[in-house]
Every structure is written in C-alpha cells, then in structure tokens.
Amino acid sequence: MSEFVTRFEGRCWTFGANIPTDALVKSAYVFDPMEEIVKHVLEDHNPRFPLEVQPGDIVVAGHHFGQSSGRAIAAKALKATGIGCVVSNAFSRTFYRNVFEIGLPSLEVPDATDLVDDGDHVVVDIAEGLFRNETRGVERRVPSASPFLLRMLEAGGLIALTQSDPNWAEAARA
Amino acid sequence: MNLVEKILARASGRESVSAGDVVVAEVDRLVMHDLSAYLTGKVYDERVGVDLPYPDRVVTVFDHHFSPPTEHQADVLNRNREWARRRGTQLFDCGSGNIHNVLVQHGLALPGQIVVGSDSHTPVHGAVGALAVALGNDSHAGTVMPFGKAWFRVPELIQIELTGELRPGTTPRDVALWLVKELGEGSVIYKALEFTGPFIKGLDFWDRWLFPVLCVDLGAKCGYIEPDEVTRAFVESLPNGSVDRLVNGDGDPVEDVRRFDVGDLPPQVAAPPTVGNVHPVDDVVGTPVQWAELGGHGGGRLEDFILAAKVLRGRRIHPDVKLNLVPGNREVFRQALELGIVADLHEAGGTWFPPSTGSNQTANMGAMSAGEAMISTHSRNFPGRNGSTEASMYLASALTVAASAVAGRIADPRRYVSEGNPHE
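As you go down the protein sequences, you meet chains A and B in turn. Following my numbering, the numbering of the first sequence begins with 1 at its first residue and continues without gaps. Following my numbering, the numbering of the second sequence begins with 1001 at its first residue and continues without gaps.
In case anyone wonders, no lab produced these hints; they're calculated from the structure. Just to be clear, a hint being listed does not mean it is correct.
List of simulated lysine-lysine pairs, DSSO-like, C-alpha gap at most 30 Å [said to hold, decoys possible]:
| hint | chain 1 | residue 1 | chain 2 | residue 2 |
| --- | --- | --- | --- | --- |
| 1 | B | Lys1201 | B | Lys1310 |
| 2 | B | Lys1042 | A | Lys39 |
| 3 | B | Lys1310 | B | Lys1322 |
| 4 | B | Lys1191 | B | Lys1201 |
| 5 | A | Lys26 | A | Lys39 |
| 6 | B | Lys1322 | A | Lys26 |
| 7 | B | Lys1191 | A | Lys26 |
| 8 | B | Lys1201 | B | Lys1181 |
| 9 | A | Lys26 | B | Lys1042 |
| 10 | B | Lys1322 | B | Lys1181 |
| 11 | A | Lys26 | B | Lys1181 |
| 12 | B | Lys1006 | B | Lys1191 |
Owing to the predicted nature of the structure, the values given are computational and were not obtained by experimental measurement.
This is chain A alone, in the form it adopts within the complex:
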C-alpha cells in the first residue's frame, strides 16, 4: 500500500453554499463513463473548473456542500478531477460519508470560505486538522475526522477496508 498522505497543498477553487450533488454530476450524466462525467463537474458554478483543474488542487466549498442525492458517484466524480482534497464549511451528511467511503480526503472548517479567494494557495492537513491560506497568511485548527474514518481513508475507502481487514466492523469500537 502506498504511503498515507494526509497533507495537501495547492491552488484553491472556491464554491458557494448549498451546492447539490446534481451540480457535481447531473442526472443526465450518471450512466456515462467517468471520463465523460468528469468534464462536467461543477460546470454550472464555474465552467472553468472542469477544464482547468490540476492534480493536487484543493476545492473549498460553502455550507452544506453535496446536499440532495446520496449518490456516491458525485464524490467519485470530484475525486476523478484529480484534486488533492476537499474542504467545506460543512458537508451534507451523505456527502461526508461518501468522501471517506470512496477515498477522497476531506476536512470541515466552519468558516473556510471566509478565509480564501479563488486561486489562493492553501495547505490542508486532515490528520492534524490544519487549514492555512498561504496567500492571505491566515489559518485554522479544527478537529480531525474520527479514527475509524481516517482508517477507512488510509485503506483506500470502505470497500478496500472491508477487504483488507476481516475485523473491520470491530474497528469502530477502537
């Protein structure tokens, strides 16, 4: 297994509040191959994003990001853009489950969108609970996710965890 990376650094793309999963993957695209789906991720909110996003970039989104449908393909499509991690003031709860289950690193920072402008250079450490905007010189310390969820991420997602650890159900007790 490759090293578990928990620190990310890159250009940030900012998005507003209450963005639904429909904006990540429209219903019309859900049956398309991922190569096609990924060309349209968040295009209604920033048409440049799917065209210009670079590997390791960081998405910073407002309150209740990924609301509406619980379909994991919305998180998978965001991961497929190659971003390093996603930060939100607060994720919708199904989206929060899904990012860990599909292996996309994430961090909740209650005022994240107040701290960044689109294009700023940011540093995120999901294990330490660190969010820093290098461009503006501001940072926040927040609680990291539960150990069970970090373990899931380290394994590469929920399915990978259950297949690599026969005692996965006990892991939650730890």
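Use these hints to put chain B onto chain A, whose structure you have.
Same frame as chain A, now just chain B:
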C-alpha cells in the same frame, strides 16, 4: 436512551450508545430505486461480488420509470431486473409506485428496524418508528449487501415540538414546507429529529409521513415520530405488518427543543430555486402555471387526492393547465377508485399516470420548456431538475395545487374551501 440510540445499541450488540459513537449495526432493509440500483449493482459486481447472505433484505422499486421512453433506459431497467434475479433480491417493477410509498405499504419498513437506502428521502420511514438513513452506494455495496451491516455515527437529538390546530385551507403539507424555512436548509446537519407535540400526535399516519421526509433538506441524518396507537393501527393494517420490534425512547429530557405554534399559518408555497424559499401563498398568487402535479415524495397519498377532489369535484381545470395525477402506490389508486375520486378528477380534466414517482428528476415525464412553471406536491425545486433551467417548480399542498390548476395561476386555496363547492 432515545429511540435512535436504543435501535443502534440493539443492532450493534451494545448495552448502550451515546451521541458521537461510531457503531457498526445490523441492517434490516436496503431500498433502492431504478437509478441507484443500477449504480450500486455495478459497484457490487465489480468490486465485491460474493453471494448475498440476506437477499430478502434488499428491495428495489422501479419508480423513476413506469415505461421506459428510450432504449437506453430500457437497458438500464433490464440490467436491474437481471441483477435482482441473479442475486435473489426483491423487485417491484414499473407501475408499483414511489419507492418509499411502496416499501411502507408492503410492510417492508417496520417500527424498530434499521432501514437504509440511496434515495435521500429514505429518512421518511421514521414515520413508522424505524431508524431510516440515506447512505451512499459504497456503504450498500461494501457492507450492507455482503455483511448485512453498516457503520453509523450516533447523532445528537433535537425535538421539534408542534402545537396548534390548522385553519381551513392550511394542511400538514403547508406546515412541513414552512418548517424547512423556519429551521433553515442544512441547519441541523447530522442531527436526529424527533417530531412531537400535540399537533403531530393528532395527525394520521399518512400526514405524519410529511415530516421525516424533510430531513434531507434540513441536513438531518434521520427523523422520527415516537410510535403510538396511530402507528400500531397503521402497521397492523399492512400485509406482514408487525410491531414485534417496536421501540420507544425513554423520554429523557432533550437539551435542544424547538417549539412552534402552527395555528395561524396560512397556506405555504416553496418557490424556486430551493426548498427553503418558502412564502405565504399571498406572495406568489397570480403566477401563471402550465403544469400541476399531485405525486412524488411529498404527495401521491390518498389524502392528496381526497383534498384535490374537494376543490375539483364539479369544476374544470383551466384550459392552459395540464394536471398530472400520480398515485404513490397501487393501493392508493385502488382506494381512489373505490371512493369515486378517479372519476371525479378525470372529469375535472386531470390525467392519471401510473403509480410511480412522477416528474421527479424527469426520467419518465415532467420536462418543462424555458418559461414554463409547475406547481406540485414534489419535494425538490432546483432549477434544471425538470427540463430547462429557466423553468420554475413551485411546491405546495394538494389543495393549493388543485386550486392553482383551476385558476391557471397560483391560487389561494382558502377561497375554494370557504366558497364551498356547489356540486358537493
């Protein structure tokens, strides 16, 4: 412990659990619709693939399609049928109804059970006193199907206490719409909501149904109504209905209680672009509508057709309006038939559609052109969800939908209720 904690403790083999704990619990039911079943089945076959130990626990309802309009959609449905046959899971095919109305009507979501599903409105089954939570496909494919289990974080509880008696023309659906505005979209992320108070306790089962369905819009994990005599009577009327596993909370004091008096509430309408953009009907009266629909997660109940018939019996809908009538399940249609409502609404100019989720996501019907508007009992009004991003979806009660269908524009149902109906 409260109801959610008791159910999670029992299903995870623990003495007790408390808010913040992460537990792995036994799941009683997984429900998927025609879109989510396809994606989940694909992930399962590609990455898991073992025989399902509990195939009976998995239920698929084709509700976005009652008759596929394209070859591609027909292929998707056929792959779902083939998957269900191969894996031995339960399938309700086209024409059965809305996913959740079908599940509960067949006694497949019961008090005390843990019900999970991909559909974001799965928490509606808290209406029977189940712990019902929407999960993602990878939970379903990765743990629910192969192990019969899922992981949960135990949520904090908020009580929503409603009092007051509604005035004529205002319905429980108006209260539900209004609550989303009052509490705020995404305002209670991860929380469990207990709907309580004399107003809730005084409602029949199918009117209680309208409250836990709001959880997704509020951001809540789940919602429920403590099972009582109303719940028992409803469950015992169902095929396979059983209250053997019914659980009640201990009634411990709850720190966060939100109290609302709904007695003076006028009829409410959620205008685009989101479900929290709720206004008293007066604010939007006169807005032209070309479509009106009774169906979806917030409608399609027998109660909705009974209310609509109060307005429409002996009247005709406006010539510019098409009124879609979409029963939530086959039982609703049978009962509407017996009550004469099928004929009444037909005579009024409405069109009956097969039991399904109707215009939800426009899979089978309900696309609008730029500039068109629909008023409906659906639960979503994001622009672009029903065709053009320049079309508008307004969400309202069955009374307001019916009154608007007659007027050709959004109308205040109180006028139609207080005038009475000369033909009744």
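Evaluation of the provided hints:
| no. | hint | in the structure |
| --- | --- | --- |
| 1 | B:Lys1201 with B:Lys1310 | holds (25 Å) |
| 2 | B:Lys1042 with A:Lys39 | holds (22 Å) |
| 3 | B:Lys1310 with B:Lys1322 | holds (18 Å) |
| 4 | B:Lys1191 with B:Lys1201 | holds (21 Å) |
| 5 | A:Lys26 with A:Lys39 | holds (12 Å) |
| 6 | B:Lys1322 with A:Lys26 | holds (27 Å) |
| 7 | B:Lys1191 with A:Lys26 | holds (27 Å) |
| 8 | B:Lys1201 with B:Lys1181 | holds (22 Å) |
| 9 | A:Lys26 with B:Lys1042 | holds (19 Å) |
| 10 | B:Lys1322 with B:Lys1181 | holds (29 Å) |
| 11 | A:Lys26 with B:Lys1181 | holds (26 Å) |
| 12 | B:Lys1006 with B:Lys1191 | holds (16 Å) |
Violation of the numbered hints given earlier is absent; every hint is satisfied by the structure.
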